[in-house]
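If you want the building blocks of each chain, they are given just below.
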Amino acid sequence: MKNEAYGHKGNKAVVERIIQLESNVVSSQQSLNDIVDILDIAKTGNVETMFVATNSLGRIFAGLWKQGLLKRSKEQTASGAVSEWLRGNYNEYLGVLRTHLKHKEAAIQVAALKLLMQAVAHEGGHASGAAGAYEFPNALYLGILELILDGGEASDHLLRTLADSYLNLYDDLRYFFYRDVAKIASPDYDPFKRGKSGARSQSLVEEAESFVRNTFAVMGMIKVMPTANAYTAFWISHESGNESVGGGAAHRKAFSEAWIALLRQPLTAEIYKQTLLTMHRRIIPHMVDATGLMDFLSAAYDAGGSISLLALNGLFTLMDQYNLNYPQFYEKLYALLDRNLLHVKYRARFFRLFDLFLASPHLPAYLVAAFVKRLARLSIAATPAGAVTVIPVIYNLLKAHPSCMQLIHRMPSYEGEESVDAENDPYLADEGDLAKCNALGSSLWELETLQQHYYPNIATLANIFSEPFHKPKFQLEDFLDHTYVTFFEGDTARTPKKAPALAVQPPVALLRTGDALSDFLVL
Amino acid sequence: MVSSGKGVKQSALKKLRSALSTAGLTGPSAHVTKKDKKRGVAKAGSSKTIERRQKLRAIQKALNPFEMQVNRKKLDVLGLKRKDEVVNVAVARQRAVEKRKSTIGEERKNKHRTGGVVDRRIGENDPTMDPEEKMLRRFTAERQKRSSAAMYNLEDDAGDIEGEITSLTHYGQSISEMDEFNDMGGDDDDEEGTGAVGGADVSTAHFGGFEAAGGEVEGDGPARKKTKAEVMQEIIAKSKMHKQERQLIKEQDEDIRRELDDDFESVRAMLFDDDNSKPMMSASAGDAALSGPTNDGGASYDTYVRELVYEQRARPQDRLKTEMEAAREEKDRLERAERHRQRRMEGLPSDSELDSDSDNDESGKKGYKTKAKRKPVADDLGDDFAQGGDAEMENAEATGNLGLGLTGEESASDEESGSGDESGSGEDDDEESGSGDSEEEEDDSEVDSDQGESVLADSGDEEEEKRKPAATTSLRKAAVAAAQRAPSSGHTEELPFTFAAPANYDAWVELVGGYSLEQQLTVVARLRALYHIRLSPQNKEKLGDLCVVLTEHLAVLAEQDPPVPAPIIDDLVKHIGELAAVDAERFGEHCRQAVIDCHRRVQQALRAEGEPGMRASDVALMRLFASVFSSSDRFHTVITPMLILISQYLSQHTFATLRDISCGLVLVGIVHETQRLSRRLVPEALNFLLATLAATACHSADAADWDGQYPLSRRQRESYRLLQIGVAEKCKSKKALPMRWAWLLSPAADSPSQRAAPSVVVTADVKYGILRACLQLSRRFVDSYFQLPAFIECFEPLQKLLAKISERLPKFRLQHAPAEVVDLLATTRTYLDEQLDQARAARVPLKLQYHKPLAIGSFAPKFESGYNLDVHYDPDRSRNEITKLRRQVNKERRGAVRELRRDAQFVAGERLKEQREKDKSYADKMKKAWSVLEADQSDMKKMDKARIKERKAKI
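In order, the protein sequences belong to chains A and B.
The opening residue of the first sequence carries number 39 in our numbering; numbering runs sequentially from there.
The opening residue of the second sequence carries number 397 in our numbering; numbering runs sequentially from there.
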């Protein structure tokens, strides 16, 4: 250890003492009692001495594991008594490390985690009776995980270390992590501290929240997904061939159970959104039975607002690949087209799917017309970025469904019906039933209005509805990722060559007489 | 050519002979006696020769049909006569040879000759012409020459009219020409010395002896004939009198000249008063000219005259326009500007070419578009630097006051100048004073040029400055704040009249740092007068800088905490508006940067909340841009980004404070102003307006309360809680407060003590004020957007909202609400209802796909009824044209080649002829020599024979 680094005098002395004690312990069995002293320092010392003491203890116990002194033995011999005594100290050491996991100093937390994981390795490698057999000390591991995930104290650094140095690298650790997460999250999990009182106290609720947050963070950081291949990397050293961990299928099962258990927990809005955002890519493909997520997704889809938009992606994956039958899907989709749709961040995502949902040429005209009319209605209150998305979508829909062309072009004798009662727009904006909203009888005056949009690009784009429909389908991808900023930067990127046009009459005052501002503003 | 056959086929010679005899051209001709000749048969003979010639030509024609070439006609055009229907090839060849002889042949003859005499006498080289004919020709030519020369001769037009009879001649030349001669010779200084008698006397007296003149004199009257002595005396007296008169005139001239010389000093001072206006005159030259005459007259005068040659001449000016013309021109200008604006509004280019097409009339000359197109000419004094109408500038000057100082102090300054004159009068006599002045002038000019350079150098720095505006603003603010605190009274007298033009804002702060706001405006007015665009080409740049500086100043003033009084802001805006036209490019770029700058700030504020992104200064500048620029354009480099920025702010900012909300409402007002003419839809403005309006009546917690299609998140709903008018809230003043500029100001950290309390506390008065503003704005937008096809869809939510508010206002106990607001609500409602009803009545289904049907393409094969090989049936017009041209070129080339070949043949023939002649003459010469020699030889032989014979005989 870099003892020189510790400048403090008192610390230096203590550190020297620890080194002295450690060398005593290692050199002769007689001075095993010094372990107690080091343990005392580890419990009571300051941050630095604690760090040194735990590290030295870790080395001592590693040596003891190798010597086999820590193995549990049935014999009532002297050596049995010694190992019993040592085990007591060892447990005490683990207890110290556990408390360190909750330490406010991130470095101590990480150090404690490392020592604990070493302990797990040693215990797994040496505790089992048969040499070379594989046995995972899950009780210890579960305790560690519970301590890390349950509290609000776990630092980002700790979580990242757990994920990067252990879970991403070692298959057995990951497998047991999933299993333990499912175990911890299950409602009938009865650790000693919970369940004693029937009702959850306030602190427990907070704890549950932090558990979800931490678990979600760690699961998000796991980059290695379960595959069908057998395991290759093990944390517990053993002879290969006789693992009791199971292959990819078991792993997938553990993964699925962990997620389902996690999603049963009460989620905060942000985690909810995060989960939905990544679900179709990171969760669903790796699950054993993705239909288990159906309830979760349907609930999210029914929640309304942006949550619904996000759920759409996962739901679609289920419908597409897992034969999920969702009743009233288009009605729900129609309901999603609310006043905020064109203003939310996730509209690009939504429209990619929307394009997909309405791609079928077999959809009835009334349905397409309803969607088109609703989108057009939304577009007159939309941002330029929203409007620029809506126009190609509508164009593509009209192009794919020529029977909807009457929305933008209706002659009096169209389809032999009597002249349309133009004064009453038959469209019912508040009607949720697609068949009853009469969109097909209406006209898209909104699109004609967009031709007079203040942003010239949109006005130009909207003009395509007045031109013959010769254009092939619009590539929607080109129109999805616009924002105010892209528009602004596009307009100001080039320095103009010509002088800007000035007003015909130069102003004579800041507020023109007759100006709207002069009604209510006093300078 | 001897033909073998007999009978019908005769030989050509026989044919000719018989033809000549039948025509009566050969054989026994009529005998012409001498008698006949005298009677004038000779005259008949000339007509006979013509007849003869014609007959001969006819015989020639008839004789050889193979010489006739008949050109085939492609198209028989009725009534069209062509020259080349039948061409006599032989004649044509002959003609060509003749022509060559006269051109190439002549050239060959004169090939190595340089000089010589060309006989240009008419008919001299024409052997066919009779001498009589020749003379007649020459005579007419002479007459024509005379008459054409006299056509422009003003002096003797009388003679032209009456013919030759009146013009007198002497030795074949007219008298009038002789008068000219006199004039030429009559040089007054010569006569003076010699004492010769006057030309007139000479002409009358010396030519008196001629008959014609004498006859006229005699015929004049019955006066007795003077004796010679009398006549001579008269002549002498007359000549003496003339001489005296001349001397008198000369003396007078001399006097005037001397006087002019004396005055010249002052006149010249006037001429070279200001160097700036006369860039042609270099400073040193002017200096020399000024100091020159006092030192040595002659040399400087010469140089001076030489300089005057290069001096600008006065140019004819356009006459002043009458009031009506000026008014019509102004009207035309406005109409044209409006037309351009309309075009730009539709997104079409408003080019000057289109303009000049449509306005070819004289009104187009004055338009600044055409003016700008005119290329600069060397004579230009720089008048054309103002692109914006000069009229505007002049109007501005006429109306814009130059400040109290100028008008009020004129008398004082007069006095001052008087005293100055007194003190300076002593110096005027000194020779030094002039040079001293000139030195001063030089200094001035140096200063000017320095400024020009510094401006140029600064332009590079300005960009850097732009990048760190935030750092400097605080400094500036401090400076201007200090300026404002400065006492406004008592300083007026101390305002100087001339200032250095500020190149940037720091210079401006330095310049006006100590003056009050009113004085600052005076400074601006004076700066504009000092650096008027007409005075110097550099002034364009200076005024452009001034305009930018004023814009920045406006931004600073808009941030002042007790707001700057409106008249000052308005005056400043007026200046900016008028100056913007001077250098629109620079001003536009500055404004664009201001918008970009503001966008960056708003972006930052949106990302990290708490910081007010939009400042009061931004709002003020945007309002300025909306009226300075042509905001109705479809795309505008300043207005379009500005609208995007405003829209982003309105739709993404969380409006939590009164400052934010009032800022938003003002922005909506600005949006309305930009769309006043173009009436384009700005959804964000409507959304914000509806949300704000709803906020006064809806519960923030109740989501169902906020129905409508304007987007609204929960956070926004929460933030609007501020505006909700409570049930128990009472409007104390019974009046809705108008919004104040102070509401827009962000809570400044530096002057917390000055913060007025009412802008923080949102009382019922303020809420009703906001409500009233919303209602007024909505009404404006209803007016603007009435024509939109989706007017109903856009404004039905407003209708519902108004219904809800008016339903709830009674609940808030109507008596609490100011009557003004209640009335406004009612009128707005009824107005909107009416408009919506009208719109519903006028609504028709869309017919966007109503396109003109396209003709179906025909695939019938093409068929030509009268096909002709010679005609090209190429459907491609241009290709057809090209082949036609190519054919023409080939034809021409062939013709040219043929001509050249014929020329070469001719030349070769000529050369051969010459060679033959040469050979022949040589042969003749040799023959002669031989014959002489042979004769000699034979003589000698004869003599030898004779001698031998003699000898023999002797023997």
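It is worth saying that the hints were derived from the structure and are not from the lab.
A hint or two may mislead.
With a straight-line Cα cutoff of 20 Å, these simulated EDC-like cross-link-like pairs (lysine to aspartate or glutamate) come out [what the hints assert, rightly or not]:
{"#": "1", "chain 1": "A", "residue 1": "536", "chain 2": "B", "residue 2": "985"}
{"#": "2", "chain 1": "A", "residue 1": "536", "chain 2": "B", "residue 2": "981"}
{"#": "3", "chain 1": "B", "residue 1": "469", "chain 2": "B", "residue 2": "447"}
{"#": "4", "chain 1": "A", "residue 1": "81", "chain 2": "A", "residue 2": "143"}
{"#": "5", "chain 1": "B", "residue 1": "1200", "chain 2": "B", "residue 2": "1313"}
{"#": "6", "chain 1": "A", "residue 1": "152", "chain 2": "A", "residue 2": "54"}
{"#": "7", "chain 1": "B", "residue 1": "1243", "chain 2": "A", "residue 2": "486"}
{"#": "8", "chain 1": "B", "residue 1": "477", "chain 2": "B", "residue 2": "494"}
{"#": "9", "chain 1": "A", "residue 1": "535", "chain 2": "B", "residue 2": "1101"}
{"#": "10", "chain 1": "B", "residue 1": "1338", "chain 2": "B", "residue 2": "1320"}
{"#": "11", "chain 1": "B", "residue 1": "1324", "chain 2": "B", "residue 2": "1306"}
{"#": "12", "chain 1": "A", "residue 1": "535", "chain 2": "B", "residue 2": "985"}
{"#": "13", "chain 1": "B", "residue 1": "970", "chain 2": "A", "residue 2": "553"}
{"#": "14", "chain 1": "B", "residue 1": "479", "chain 2": "B", "residue 2": "463"}
{"#": "15", "chain 1": "A", "residue 1": "50", "chain 2": "A", "residue 2": "86"}
{"#": "16", "chain 1": "B", "residue 1": "1243", "chain 2": "A", "residue 2": "505"}
{"#": "17", "chain 1": "B", "residue 1": "1200", "chain 2": "A", "residue 2": "468"}
{"#": "18", "chain 1": "B", "residue 1": "505", "chain 2": "B", "residue 2": "1310"}
{"#": "19", "chain 1": "B", "residue 1": "646", "chain 2": "B", "residue 2": "661"}
{"#": "20", "chain 1": "A", "residue 1": "536", "chain 2": "B", "residue 2": "538"}
{"#": "21", "chain 1": "B", "residue 1": "505", "chain 2": "B", "residue 2": "1313"}
{"#": "22", "chain 1": "B", "residue 1": "1196", "chain 2": "A", "residue 2": "557"}
{"#": "23", "chain 1": "B", "residue 1": "1131", "chain 2": "A", "residue 2": "557"}
{"#": "24", "chain 1": "B", "residue 1": "469", "chain 2": "B", "residue 2": "1101"}
{"#": "25", "chain 1": "B", "residue 1": "1350", "chain 2": "B", "residue 2": "1332"}
{"#": "26", "chain 1": "B", "residue 1": "1243", "chain 2": "A", "residue 2": "393"}
{"#": "27", "chain 1": "B", "residue 1": "1196", "chain 2": "A", "residue 2": "143"}
{"#": "28", "chain 1": "B", "residue 1": "1248", "chain 2": "A", "residue 2": "376"}
{"#": "29", "chain 1": "B", "residue 1": "1196", "chain 2": "A", "residue 2": "376"}
{"#": "30", "chain 1": "A", "residue 1": "291", "chain 2": "A", "residue 2": "247"}
{"#": "31", "chain 1": "B", "residue 1": "1196", "chain 2": "A", "residue 2": "469"}
Does the alpha-carbon distance linking residue 469(B) and residue 1101(B) stay inside the 20 Å limit?
violated (97 Å)
Mind checking the alpha carbons of residue 291(A) and residue 247(A) for me, to see if they're no more than 20 Å apart?
violated (25 Å)
Quick one, are residue 477(B) and residue 494(B) close enough, alpha carbons at most 20 Å?
violated (27 Å)
Given pair status - residue 376(A), residue 1196(B), alpha carbons within 20 Å:
Between residue 1196(B) and residue 376(A) the Cα gap is close to 18 Å, so the pair holds against 20 Å.
Quickly compare the C-alpha distance for residue 536(A) and residue 538(B) to 20 Å and report which way the hint goes.
violated (68 Å)
So if I understand the rule, the pair passes when the alpha-carbon distance is 20 Å or less; does residue 1243(B) with residue 393(A) pass?
violated (26 Å)
Residue 152(A) paired with residue 54(A) [C-alpha distance capped at 20 Å]:
The given pair, whose Cα atoms are some 23 Å apart, is violated under the 20 Å limit.
Is the Cα-Cα distance between residue 535(A) and residue 985(B) 20 Å or less?
Judged against 20 Å, a Cα distance of about 10 Å means the pair holds.
Restraint check for residue 1350(B) with residue 1332(B), where alpha carbons must lie at most 20 Å apart
Judged against 20 Å, a Cα distance of about 26 Å means the pair is violated.
With a cut-off of 20 Å on the C-alpha distance, tell me whether residue 1338(B) and residue 1320(B) pass.
Not OK: residue 1338(B) and residue 1320(B) at ~26 Å, beyond 20 Å, violated.
Satisfaction of hint between residue 1313(B) and residue 505(B), Cα-Cα up to 20 Å:
With Cα atoms ~15 Å apart, residue 505(B) and residue 1313(B) stay inside 20 Å; holds.
Just to be careful, I want the Cα atoms of residue 1196(B) and residue 143(A) compared with a cutoff of 20 Å; is the pair within it?
Status violated; Cα separation ~59 Å.
When the structure is compared with the earlier hints, violations turn up for hints 3, 5, 6, 8, 9, 10, 11, 19, 20, 22, 24, 25, 26, 27, 28 and 30 and for no others.
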